[in-house]
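Enquirer: Given next are the chains, with one letter for each unit.
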Amino acid sequence: MTNAYVLSGYLAAAAVLVLYCVHLRHRGRALARALGHPGAHPAPAVSVSSAVGPDDLGGPVGPGAPAGPGGASRPGGASRPAGPLERPQ
Amino acid sequence: MWRDAALVAGKDLRVELRSRVTTNQVAPYAVLVLLLFGIAFDQDRPLLQQAAPGLFWIAVLLCCLLAVQRSFALEAGDGARDGLRLSGMDTGGIFVGKAAAIAVQLVGLEVLLAFGAVVLFGTDLRDPALLVVTALVATAGLAAAGTLYGVMAAGLRVRETLLPLLVMPVVAPVLLAATQAWRSALGQSTDGGWRWLGLLACFAAIYSTAGVLGFGTLLEEV
Amino acid sequence: MRSPTASRASRIVGLAALVTTAAVVVLGGWVSPPDEVQGPLVRLIYVHPALATYCYVGFGLSALGSLAYLWPRTRSRRWDRLAGASAEVGVVFCVGTLITGSIWGRASWGVWWTWDARLTLTALLLAVFLGYLALRRSGGEPDSRAKRCAVAALLCFIVVPIDHEATSWWSTLHQGDTIGKGILIHGLQLETMLLSFVSFGLIFTWMLLHRLALETLEDRFESEGVVAAIAERRAEGRVKAPVPPASVSAPAPASPPAGTSYRGEVKP
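Protein chains in written order, with my numbering: chain D, 1 to 89; chain H, 1001 to 1222; chain G, 2001 to 2268.
No lab work stands behind these hints, which were simulated from the structure alone.
Mixed in with the good hints, there may be bad ones.
[Stated by the list, open to error] These stretches of chain H come out as covered by chain G in the derived footprint (C-beta under 8 angstroms, 3 or more residues): (1) 1152-1159; (2) 1163-1172; (3) 1209-1220.
All C-beta atoms, glycine included, are put in the ideal place defined by N, C-alpha and C.
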């Protein structure tokens, strides 16, 4: 491979594929960690309003919490990039 | 189906007549886009004249996005979309009605934009037959594709950013064909403009069919 | 740590992919002869067409999966997962195609990009499927998201055959098919090119297997992860002193965690 263009072509293809593999591995490990210990992460810093008692609705927290699954209120959400794990509404 | 289409189109257009969003907001936006193009190209008259068909159709595309967003925003509140679903109307008819209403608004905007292009870019409107037919067929395609993707994005929170991303690549062929047809109509290219009409007609046919068939499924999922 | 998405199949395929790719690189990079016309640049033919082909395959599988999902008799989350996974791998291959193609174009035509039909349509194809991937990430209920994405995938797939035929329908700067109606290369070049299709096919399959496993993990996270989060929130709530319910002003859940409606399994 004496030609620089050929070399960079091969390297570019390799780079694209390898980067994607790295990405897949990262996401796989993050998900596995999250699924492996669903309750083991420390309770997030978001303070639940003390007005919420054992509520009959059996629903999620009330006024104080940010709407739905924003990254911080998820188990382990604070400790890894929120992107792949966030489930938008 | 056609009766339902007429009903829905009538409803959308009547809402527009009463709220005047297209005339008061989208139309000035359209003219503004043309102005910005003029500023961007440093008021270079010959360049603007040459680029006019492309700039016109880009402006139309941008307005189409707004028109589609607006069309689905009409039903976003007060359970109106549920009402539409439960009304028992033929979903293909609802699709055609919504697309028709969008198309009518787009045609109005195109007239305004054409006028703007003549004034601001010095476009010389020869061969009006090709210009008009192209515009009509292209508009039909834009409205159909826009409505189909609009309903896909309608229920989502990220719809404002997702809809442009979905629609723009899809209507790129319309941009291409319409621009080429107009360029030939304005004498800027010797390419047979009527050829491009075939592509536009194909596009409109594909998306209209897909819309009539798929709208029901998608409406349920909004 | 063992990769969570690996499986016996993926390991076998991965090994085979590694071996064949190494062979292609050696054969393609050194052993096979340079072209009479293109010179050493022909070596890119062992990379670029295979990337493009599996890009189409990826999008094709996505369309097939979408069809299978939409067809009531075969509806199953498995097809939706296939559609999503193969679209993503297809996008990766599409990026690879465009980059290697651009490098090749710079070398042989002197420009990084030109607006001929084949290149433009391939760029459009990428844009359209990026939109599809964005749609996959923006839904709520998995079943409605799946239906919506399935329709989108079918529409996006329309671009693929047009892109493939672009070099024969329009006069393009991009060359036509090397292995199409006739075969334009011979000998070791041909064999290496065929081997490259095999090796990239194995790479594609390997990536697809991992991506599918990942998709399954994500589904599990969506249902289990949210349920676990709710349980944790309730556990927190019980720790605080109870207060008369009149002061509770939990707003009507405008945004309940999507999980409450998943498969109806909100554990009390």
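Enquirer: For every hint, state whether the structure bears it out.
Expert: We went through each hint and held it up to the structure:
Using a Cβ-Cβ cut-off of 8 angstroms, 6 residues of the region 1152-1159 of chain H lie near chain G, which meets the minimum of three, so the contact claim holds. Judged by the Cβ-Cβ criterion of 8 angstroms, the region 1163-1172 of chain H is covered by chain G as claimed, because 6 of its residues qualify and three suffice. Counting residues of the region 1209-1220 of chain H whose beta carbon lies closer than 8 angstroms to any beta carbon of chain G gives 5, which reaches the threshold of three, so the coverage claim holds.
Figure legend: structure checked against the earlier numbered hints; every hint is met.
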